Amino acid sequence: MGRIPAAGGAAAAGRGGTAPVRVVLAGAHGHGWWHLANLRRLHSAGTVEFAGVCDLRPVEGLPEGVEFSGDLVELIGRTGAEVTILCTPIQTHADLAVKALRAGSHLLLEKPPAATFAGYERIAAVAGETGLACQVGFQSLGSEAVPAVRKMIADGVVGRVTGIGAAGAWERSYPYYSRVPWAGRRLLDGVPVVDGALTNPLAHAVATALAVSGAGIDGVEVELYRANAIEADDTSCVRLRMDDGTAVTVAVSLCADRRHEPYLIVHGETGRIRLTYTEDRVEIGGTSVTYLRTDLLENLVAHVRHGTDLLVPLERTAGFMRVLEAVRLAPDPLPIPDRFQEVGEERRVLPGIAQVTAASAERLALYSELGQPWAPGVPAAGTGAGRTSEERHATVTGAAERKAPAGPPGLAGAGNRPPVERRAAVTGTAEREAPAGPPGSAAETVALDVSGVRVAEYVVRAEVPVTSSPRPYLHPVRTLGGTAVTEVAPADHVHHLGVSVAVSDVGGTNFWGGRTYVRDRGPAWLGDHGTQRHLGFSWRDPAGFGESLAWAAPDGTELAREAREVRATELDGCWALDFSFTLTNLTGDPLPVRSSATKGRAGAGYGGFFWRAPGSARDRRVFTEDAEGEDAVHGSRAPWLAMSSAGWTLVFVQRADPWFVRAVDYPGAGPALAWDTPLLVEDTLTRRVVTVVADGPLSRTAAAALASEVAP
Numbered sequence: 001m002g003r004i005p006a007a008g009g010a011a012a013a014g015r016g017g018t019a020p021v022r023v024v025l026a027g028a029h030g031h032g033w034w035h036l037a038n039l040r041r042l043h044s045a046g047t048v049e050f051a052g053v054c055d056l057r058p059v060e061g062l063p064e065g066v067e068f069s070g071d072l073v074e075l076i077g078r079t080g081a082e083v084t085i086l087c088t089p090i091q092t093h094a095d096l097a098v099k100a101l102r103a104g105s106h107l108l109l110e111k112p113p114a115a116t117f118a119g120y121e122r123i124a125a126v127a128g129e130t131g132l133a134c135q136v137g138f139q140s141l142g143s144e145a146v147p148a149v150r151k152m153i154a155d156g157v158v159g160r161v162t163g164i165g166a167a168g169a170w171e172r173s174y175p176y177y178s179r180v181p182w183a184g185r186r187l188l189d190g191v192p193v194v195d196g197a198l199t200n201p202l203a204h205a206v207a208t209a210l211a212v213s214g215a216g217i218d219g220v221e222v223e224l225y226r227a228n229a230i231e232a233d234d235t236s237c238v239r240l241r242m243d244d245g246t247a248v249t250v251a252v253s254l255c256a257d258r259r260h261e262p263y264l265i266v267h268g269e270t271g272r273i274r275l276t277y278t279e280d281r282v283e284i285g286g287t288s289v290t291y292l293r294t295d296l297l298e299n300l301v302a303h304v305r306h307g308t309d310l311l312v313p314l315e316r317t318a319g320f321m322r323v324l325e326a327v328r329l330a331p332d333p334l335p336i337p338d339r340f341q342e343v344g345e346e347r348r349v350l351p352g353i354a355q356v357t358a359a360s361a362e363r364l365a366l367y368s369e370l371g372q373p374w375a376p377g378v379p380a381a382g383t384g385a386g387r388t389s390e391e392r393h394a395t396v397t398g399a400a401e402r403k404a405p406a407g408p409p410g411l412a413g414a415g416n417r418p419p420v421e422r423r424a425a426v427t428g429t430a431e432r433e434a435p436a437g438p439p440g441s442a443a444e445t446v447a448l449d450v451s452g453v454r455v456a457e458y459v460v461r462a463e464v465p466v467t468s469s470p471r472p473y474l475h476p477v478r479t480l481g482g483t484a485v486t487e488v489a490p491a492d493h494v495h496h497l498g499v500s501v502a503v504s505d506v507g508g509t510n511f512w513g514g515r516t517y518v519r520d521r522g523p524a525w526l527g528d529h530g531t532q533r534h535l536g537f538s539w540r541d542p543a544g545f546g547e548s549l550a551w552a553a554p555d556g557t558e559l560a561r562e563a564r565e566v567r568a569t570e571l572d573g574c575w576a577l578d579f580s581f582t583l584t585n586l587t588g589d590p591l592p593v594r595s596s597a598t599k600g601r602a603g604a605g606y607g608g609f610f611w612r613a614p615g616s617a618r619d620r621r622v623f624t625e626d627a628e629g630e631d632a633v634h635g636s637r638a639p640w641l642a643m644s645s646a647g648w649t650l651v652f653v654q655r656a657d658p659w660f661v662r663a664v665d666y667p668g669a670g671p672a673l674a675w676d677t678p679l680l681v682e683d684t685l686t687r688r689v690v691t692v693v694a695d696g697p698l699s700r701t702a703a704a705a706l707a708s709e710v711a712p
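In terms of full-length UniProt numbering, the sequence shown opens at residue 1 and continues consecutively.
Simulated from the structure, these hints should not be mistaken for laboratory data. Remember, it's a predicted structure, so these values are computed and weren't measured experimentally. One or more of the hints may lead you astray.
[Stated by the list, open to error] In silico SDA-like pairs for lysine to any residue, Cα to Cα no more than 25 Å straight-line:
{"hint": "1", "residue 1": "K99", "residue 2": "R272"}
{"hint": "2", "residue 1": "K599", "residue 2": "S699"}
{"hint": "3", "residue 1": "K99", "residue 2": "K151"}
{"hint": "4", "residue 1": "K99", "residue 2": "R78"}
{"hint": "5", "residue 1": "K151", "residue 2": "R272"}
{"hint": "6", "residue 1": "K99", "residue 2": "G77"}
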């Protein structure tokens, strides 16, 4: 295939052609993993040619022929890339976007477009100068739900609109803010970052509300708060005065007890419309309709080749950037006193914050107007009368460019994929998950005690998204000294649930969560997530229990029944978790258990008993009796494996399967049922793992002694 010239006129050279569009990705770590998977998918479909990756760190497992460079301009020139996906830290967006455009490449620019309004204007100016396209990665704006709601408004379905309120409440653990240097920062080395709840993780709430409104902004009121020890806001709200006389409010927090799907309400004089934008679901008058999404890269490719209108052109995000600028210029977030929080080992929680954000959406009110004791202007014991109205709000006024209503998005390039897959492909992240079970249902837990010390809690009925493959799990698990050694729904893998039995493929059903690996295609959203359903306890005491579970496919068909036993046992100065399970095949045919490795993803043999640990890679160590480090122990058949950090050590003991280990990207380990070959379960499958949980780092000698003591 011939190379397209890198400078000047890439769009003209390709428009109307049928050859795949050459694409490079800048930023392959973090959220970049989703773009990697999407590029593999579109490359296999012949829509794009995956030409290269630019990153400052090595990227493993790139397809053959994909070039790598640490210099974006050099990579665009060398590959003749027509499109660059820019998924780098926020503070780098403006400079790199300008460089890519000047190098002759169209852009898919991750949100937020820039860290300042001036940076946004720089990108817009160069895009106009070069005549190249810049699509912004607000995935929710690729949904047909947005124009559907706008049409309902235009048709007067709910009468005159009086306002729009949006609400979102998620949870984030401490490691979320230490995963990269810019996380939770307003500035980094004097350079604006603006990584707050409104402007990054829940930025879609702002962008979607503005898209539904379609009006211009006359003024912005901002309130910023923080429960965590960070620079930026983790709990914030904004009220926009629109030039059509309506108000738009957005209230968000990253300090909820669990994930609550964000949504917005259109308030009309004769009715209301509710849009849950992460699910593309619109509810009105007792009916609910779920709409399709168009992949933003596919839409950009269709624009480059055939002139299809962009769904999220840069100019459509001007209103969002005015909100970001108001946040950037606002006073630093006010700290929320600890007495109003639940400060845990894993995260900080503001009790009832989901209800507070909901009240904001209902009343179009700011936090300070909702009677919250931690909000300014609300008297609280020992805090005085609070600040004045002027101090309370950072207000930015001035006319904003009125955005033209978005036309109905097409399905350019969507092909013949099933609707569920077509909708999910555009996001593939934590933001794209549907809740399992009725909202607000409480999770049932069982405690495990060792000599009167609470060492673990077992969540019997998990309130997690369907795409996390709901299953019982242990969390938090703690050392005798109280240090937490598990993590649930971390930002890097939201389907990791403490200690659980998770298998990526049992008879074609995903009991691991997340995407399913497809041979010669890569990870994909298939709508194949199963559920492990608690049926009952056969016995229970303070130290353990016996449990019966049903393993069900998405349509409810039971594939297997499980008998599980869990017991906490005291040791000298530490304790051990004894976890065993027997899976009985109910299908009448051999039941295949597969891992991603059995389908061609080398080293990805995960599946079985799995322990997701907390912490960062800085002080983490993994070792066996004769090996040290992830590369050396991953796939080994050592009788025991230890993982340790500054405050704890876990020693896993079993003899049946190879070890699946991750210690660099994230901390997790467990035996692999199907390391590189499918495991056929004719009748039953039984496994047992004993894990020593100890305070502090242990030596190899100490770990070996404990492993010998508890060996099954």
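Hint-by-hint comparison with the structure:
no. : hint          : result
1   : K99 <-> R272  : 45 Å, violated
2   : K599 <-> S699 : 37 Å, violated
3   : K99 <-> K151  : 39 Å, violated
4   : K99 <-> R78   : 15 Å, holds
5   : K151 <-> R272 : 14 Å, holds
6   : K99 <-> G77   : 11 Å, holds
Hints 1, 2, 3 from the list above are not met by this structure, while the remaining hints are.
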